[in-house]
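K.L.:
So the protein lines, in turn, are chains A, B, C and D. Per my numbering, the first sequence starts with residue 597, numbered consecutively. Per my numbering, the second sequence starts with residue 597, numbered consecutively. Per my numbering, the third sequence starts with residue -1, numbered consecutively. Per my numbering, the fourth sequence starts with residue -1, numbered consecutively.
Mixed in with the good hints there might be a few duds.
To be verified - To give an idea of the interface, some chain D residues facing chain B are shown, with a C-beta separation under 10 Å as derived from the structure:
#1 Val2
#2 Leu3
#3 Ala6
#4 Gly46
#5 Trp48
#6 Lys56
#7 Met57
#8 Gly67
#9 Glu69
#10 Phe73
#11 Pro74
#12 Gly79
Keep in mind the hints are simulated off the structure, nothing from the lab. The beta carbon of each residue, even a glycine, is placed where N, CA and C say it ideally should be.
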Amino acid sequence: MPYNQEGPSVSEIVIQSEPIDVAAIQDKLRANNPSVGAVVTFLGLMRDMNQGDQVFSMFLEHYPGMTEKALREILDEAERRWDLLGVRVVHRVGELSPTDAIVLVAVASAHRGEAFRACEFVIDFLKTRAPFWKKERTGNGDRWVSARHGDSDAEKRWGE
Amino acid sequence: MPYNQEGPSVSEIVIQSEPIDVAAIQDKLRANNPSVGAVVTFLGLMRDMNQGDQVFSMFLEHYPGMTEKALREILDEAERRWDLLGVRVVHRVGELSPTDAIVLVAVASAHRGEAFRACEFVIDFLKTRAPFWKKERTGNGDRWVSARHGDSDAEKRWGE
Amino acid sequence: MIKVLYFARLREELKTGSESVAAVPDLRSLKDMLRARGGDWAEIFGDGQWVMASVNQKMADLDTPLTDGDEVAFFPPVTGG
Amino acid sequence: MIKVLYFARLREELKTGSESVAAVPDLRSLKDMLRARGGDWAEIFGDGQWVMASVNQKMADLDTPLTDGDEVAFFPPVTGG
Chain A
597 MPYNQEGPSV SEIVIQSEPI DVAAIQDKLR ANNPSVGAVV TFLGLMRDMN QGDQVFSMFL
657 EHYPGMTEKA LREILDEAER RWDLLGVRVV HRVGELSPTD AIVLVAVASA HRGEAFRACE
717 FVIDFLKTRA PFWKKERTGN GDRWVSARHG DSDAEKRWGE
Chain B
597 MPYNQEGPSV SEIVIQSEPI DVAAIQDKLR ANNPSVGAVV TFLGLMRDMN QGDQVFSMFL
657 EHYPGMTEKA LREILDEAER RWDLLGVRVV HRVGELSPTD AIVLVAVASA HRGEAFRACE
717 FVIDFLKTRA PFWKKERTGN GDRWVSARHG DSDAEKRWGE
Chain C
-1 MIKVLYFARL REELKTGSES VAAVPDLRSL KDMLRARGGD WAEIFGDGQW VMASVNQKMA
59 DLDTPLTDGD EVAFFPPVTG G
Chain D
-1 MIKVLYFARL REELKTGSES VAAVPDLRSL KDMLRARGGD WAEIFGDGQW VMASVNQKMA
59 DLDTPLTDGD EVAFFPPVTG G
């Protein structure tokens, strides 16, 4: 594996209540690094409909401290599996509105295959292992969002 | 399939010699559309090394007219295969320098799986079916870049 | 003592976000103790409920041993991203 | 007449970007005709060379029929993206 276990991690995690500055994060990942041949970015956005109901707003709760540790484990595993030049994960918490970006995962590497694999790996594991919980404010009252079976299936694709 | 064969295409193709405004394209894909739950963006960048040689600059030639048709076929196929809310492909031609973005593929959909699949599908087929050719200016003189076997292998994953 | 945290739906239904309890040998013993409180506690920590847990901020299962001073959290399946 | 275009390395080695030739029935006949010119043409359109072709801006193979007025292009394997 090309990953140097003793080398510094190339990944960075931010949990914030402020909006995500997508352009700044992507620019920083590629700036001044002419070894980067591919940047793959996943942006997860708040939709205004869920399970047939109109959603007006959302509150994102998390477990401070554990959130960062859980994400760090996922990113360390991604760096072990693929040869990456940079990874950024930014997740919002607090109040969100439809069309707001909830999470960004951006991965830089020399070649596109590694960037695609690592980006999808990180979001798949974030969805099942990072302690965030969504509460939706809908026309039928407030409700906690239930975990989707599709998300644990998505995680299982990656083996152990 | 949820794709309406008679409906208008949600995809847009631009071939340009100007730098790619990544942020503007991503913003436009999600703006005012609260049905978008995921945007996956691939950015292909010029590296300063290729096959062991320093690369100082690059010239990208294309086949005007056919380029747009070839990309249109790829995007139409992606729209048939997945339920997409928007696709943008921007490819640069002419002179490029290391760290310049060569190509952007951005896909918006309700859910992440479709956006990831469609984004990788489009770049895999672009690499083998769209008429672009790179000429590198290296320390060992100018040279046309050779097609990579990995690219035709990547295309084959998608079947027919 | 063991610090116990509750998040999201659990925090709301149990009407508490954190408490301290006497040390017990493992997560199973802790869960049994909480269930024995009855009412909402019996329901939430009863069989067939999908409650996740962490010990010292790492995902844990019922066999995970506990030590005095540990931080345990109980929460519903996560739904971020 | 058929319009024939050459791109990238082919255009440079053949020292021409476009020309018009008399109509022939298919792409194979056109390739044979170009190869018969000898020199660089024989080399580039010879067996074992990986040259791609399009007819009216769509990827084509040697069996693709040609009609008067068609636009044919020959080029190396593509390397964009």
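K.L.:
Was the hint right that glycine 79/D lines chain B, CB cutoff 10 Å?
P.N.:
holds, 4 Å
K.L.:
Have a go at the proline 74/D hint: is there a Cβ in chain B nearer than 10 Å to its own Cβ?
P.N.:
Since the shortest Cβ distance to chain B is 7 Å, the answer is holds.
K.L.:
Given alanine 6/D was flagged as interface, is its beta-carbon under 10 Å from a beta-carbon of chain B?
P.N.:
Since chain B brings a Cβ to about 4 Å from alanine 6/D, closer than 10 Å, the hint holds.
K.L.:
Given valine 2/D as an interface hint, is its Cβ closer than 10 Å to any Cβ of chain B?
P.N.:
violated, 13 Å
K.L.:
With 10 Å as the cut and Cβ atoms as the points, is tryptophan 48/D at the interface with chain B?
P.N.:
holds, 8 Å
K.L.:
Would the hint on phenylalanine 73/D be counted as holding, given a Cβ-Cβ threshold of 10 Å to chain B?
P.N.:
Holds: closest Cβ of chain B sits about 6 Å from phenylalanine 73/D, inside 10 Å.
K.L.:
Minimum Cβ distance from glycine 46/D to chain B below 10 Å?
P.N.:
violated, 15 Å
K.L.:
Is the hint on glycine 67/D kept, meaning its closest Cβ partner in chain B is under 10 Å away?
P.N.:
At about 15 Å, which exceeds the 10 Å cut-off, the nearest Cβ of chain B leaves the hint on glycine 67/D violated.
K.L.:
Measuring from the C-beta of methionine 57/D to each C-beta in chain B, is the shortest one below 10 Å?
P.N.:
With Cβ-Cβ at 7 Å, under 10 Å, it holds.
K.L.:
Holds or violated: the hint that lysine 56/D contacts chain B, with Cβ atoms closer than 10 Å.
P.N.:
holds, 7 Å
K.L.:
So, as I understand it, the hint says glutamate 69/D touches chain B; can you test that by seeing if any CB pair is closer than 10 Å?
P.N.:
holds, 9 Å
K.L.:
Would you check whether leucine 3/D satisfies its interface hint, that is, whether its CB is within less than 10 Å of any CB in chain B?
P.N.:
Nearest chain B Cβ about 7 Å off; hint holds.
Of the numbered hints listed earlier, those contradicted by the structure are 1, 4 and 8.
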